[in-house]
Amino acid sequence: MNCDVTEHEKAVIVELKEERLDAHNSNEFKSQMLSLFEAGRNNMIIDLKGVRFIDSSGLGALVSGFKNATARNGSLKLCGLQTQVKSMFELTRLHRVFEIFAGVPEALASF
Amino acid sequence: MHDKIEVNIRIPNKTRYLSLIGNIGENLARTLDRYGGDREELAYHINLVLTESIANAMIHGNVADPDKEVHISIGIDNDCLRIRVHDQGQGFDINSLPPPDENILNDHGRGIHIIRCLMDEVSYRRVDGGNVLEMVKRLSRPPLKKRDTSSE
Numbered sequence: 001m002n003c004d005v006t007e008h009e010k011a012v013i014v015e016l017k018e019e020r021l022d023a024h025n026s027n028e029f030k031s032q033m034l035s036l037f038e039a040g041r042n043n044m045i046i047d048l049k050g051v052r053f054i055d056s057s058g059l060g061a062l063v064s065g066f067k068n069a070t071a072r073n074g075s076l077k078l079c080g081l082q083t084q085v086k087s088m089f090e091l092t093r094l095h096r097v098f099e100i101f102a103g104v105p106e107a108l109a110s111f
Numbered sequence: 112m113h114d115k116i117e118v119n120i121r122i123p124n125k126t127r128y129l130s131l132i133g134n135i136g137e138n139l140a141r142t143l144d145r146y147g148g149d150r151e152e153l154a155y156h157i158n159l160v161l162t163e164s165i166a167n168a169m170i171h172g173n174v175a176d177p178d179k180e181v182h183i184s185i186g187i188d189n190d191c192l193r194i195r196v197h198d199q200g201q202g203f204d205i206n207s208l209p210p211p212d213e214n215i216l217n218d219h220g221r222g223i224h225i226i227r228c229l230m231d232e233v234s235y236r237r238v239d240g241g242n243v244l245e246m247v248k249r250l251s252r253p254p255l256k257k258r259d260t261s262s263e
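Protein sequences appear in the order of chains A and B.
Number 78 in my numbering belongs to position 78 of the first sequence; there are no gaps in the numbering.
Number 207 in my numbering belongs to position 96 of the second sequence; there are no gaps in the numbering.
Since the hints were made in silico from the structure, they are not lab data.
Treat the hints loosely; a few may be bogus.
Said to hold, decoys possible - BS3-like cross-link-like pairs, simulated, lysine-lysine; straight-line CA separation at most 25 Å:
#: 1; chain 1: A; residue 1: 49; chain 2: A; residue 2: 10
#: 2; chain 1: B; residue 1: 125; chain 2: A; residue 2: 17
#: 3; chain 1: A; residue 1: 10; chain 2: A; residue 2: 30
#: 4; chain 1: A; residue 1: 30; chain 2: B; residue 2: 115
#: 5; chain 1: A; residue 1: 49; chain 2: A; residue 2: 17
#: 6; chain 1: A; residue 1: 86; chain 2: A; residue 2: 30
Claimed, not checked - Okay, the calculated bits of chain B under chain A, using three or more residues with CB under 8 Å as the criterion:
#: 7; stretch: 162 to 174
#: 8; stretch: 240 to 251
Just so you know, even glycine gets a beta-carbon here, dropped at the ideal spot from N, CA and C.
Please put together the full structure from these sequences, using the hints given.
Right, dumping it as structure tokens:
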């Protein structure tokens with residue numbers, strides 16, 4: 001799982017550098033988020049602009065991160081969703097769970 | 112009369128092959144000029160249902176056993192696109208799965224719901240040596256199902 005992690009004053013930004021987030025790489029992504037939480041980075045922005053395809057296990061990994069952040073009094077927010085990726089959140093109604101922003105600056109401004 | 116196509120693929124029980132098969136289905140669906148709806152959307156959805164159903168067969172059907180295989184067939188005739196995914200496991204009751212809204216914060220359990228939303232017919236049955244999940248998409252008219260957004 002390739003991703004760029006950028007520390008910011010308000011949150012850590014995780015940009016996924018994979019075209020697909022699916023059952024092949026979602027567990028690895030979950031572990032990478034967990035390492036950041038364990039290092040005390042409880043406010044997280046996941047930038048999905050490079051992700052063209054997400055399946056139910058990719059959505060499940062993001063839900064797991066969301067629950068972890070919330071349990072640690074932090075928050076996990078999303079940005080950069082491509083049209084078809086966004087439609088998967090709507091199909092599973094998860095767009096009602098996550099705060100979703102157009103890009104990183106908008107997501108950062110919300111903290 | 113449209114061309115009939117049938118693709119049969121056997122893959123090892125490894126998730127690294129999900130994108131390969133998903134992309135084959137996506138590219139195949141892009142060629143279906145008889146489809147009455149948005150063909151790019153159909154292609155994406157076929158990639159998705161293949162990915163969901165094969166991952167399901169690998170992880171739940173074949174209980175992640177690397178020595179097992181998944182057999183996939185994709186068939187296209189005049190009116191429909193039919194996908195069959197065979198596993199070599201004990202199977203599960205497709206009708207006993209809780210609706211995804213029951214606990215929206217579950218990490219798992221959305222795959223079959225997604226398949227049912229995107230395909231016109233879905234069945235799962237016991238066959239010799241395992242189970243087969245069969246999914247049918249009718250091509251002759253635009254999709255019947257729309258997302259339920261009435262309560263938004």
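Here is how each hint holds up against the structure:
1. 49(A) - 10(A): Roughly 20 Å between the alpha carbons, so the hint for residue 49(A) and residue 10(A) holds.
2. 125(B) - 17(A): 22 Å, holds
3. 10(A) - 30(A): 21 Å, holds
4. 30(A) - 115(B): 42 Å, violated
5. 49(A) - 17(A): Roughly 9 Å separates the two Cα atoms, so the pair holds.
6. 86(A) - 30(A): Distance of about 20 Å is within 25 Å: holds.
7. 162 to 174: holds (count 5)
8. 240 to 251: Since three or more residues must qualify, the claim that chain A covers the stretch 240 to 251 of chain B is violated, with 0 doing so at under 8 Å.
Figure legend: structure checked against the earlier numbered hints; hints not met, in rising order: 4 and 8.
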